[in-house]
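Student: Under the working numbering, the final residue of the sequence shown carries the number 135; numbering is consecutive throughout.
Worth flagging that the hints you see were computed from the coordinates, not collected in a lab.
Where hints are given, some of them may not hold.
Stated by the list, open to error - Simulated restraints, written as ranges between beta carbons of each label pair:
(1) LEU93 <-> VAL125: 15 to 23 Å
(2) THR133 <-> LEU80: 38 to 46 Å
(3) ILE127 <-> ALA57: 28 to 36 Å
Predicted model only: the values in this text are computed from it and were never measured.
Glycine residues also receive a C-beta, built at the ideal position from the N, C-alpha and C atoms.
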Amino acid sequence: MTTAGARGRDHGALGDSLHCGLRTILQWGTAVALALTLVGVVLKASAGQPEWGAAMAMPLSELFGRGALLTIEGMLNLGLLALLTTPVLCVVLAAIWFVLRREWGYGAVSLAVLVVIATSLLTSP
11 MTTAGARGRD
21 HGALGDSLHC
31 GLRTILQWGT
41 AVALALTLVG
51 VVLKASAGQP
61 EWGAAMAMPL
71 SELFGRGALL
81 TIEGMLNLGL
91 LALLTTPVLC
101 VVLAAIWFVL
111 RREWGYGAVS
121 LAVLVVIATS
131 LLTSP
């Protein structure tokens, strides 16, 4: 099965490899996020901590600080981080693929998306 490029070029196996890479990132990212979140939910329920809410969210510096990953809230936050990181990794892969294939328009759009994401992360409180 082949995939036609933006200018009608046949990407063949390379196009299939992009789809395979994106599929792998999405499958593993979703599975890891689900597993981490499920572990956090089970631990929270078994610990008898009924309260849920925004107070559980923690900054990245605190999440990767001393032992925070071993807490229930740390596990839940790590699952959420894995879920949010998954599509970003897909955009990174697509940007690399488009640039390597000299698909400058699509590469520029992918890089612009990454700049927007980076800007929002760096400027958020």
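Student: Each hint needs a verdict: does it hold in this structure or not?
Tutor: Outcome of the hint check:
A beta carbon spacing of about 22 Å between LEU93 and VAL125 agrees with the range 15 to 23 Å that was offered as a hint. Checked against the hint of 38 to 46 Å, the pair THR133 and LEU80 fails, with Cβ atoms roughly 31 Å apart. Judged by the Cβ atoms, the range 28 to 36 Å given for ILE127 and ALA57 holds: they are separated by roughly 34 Å.
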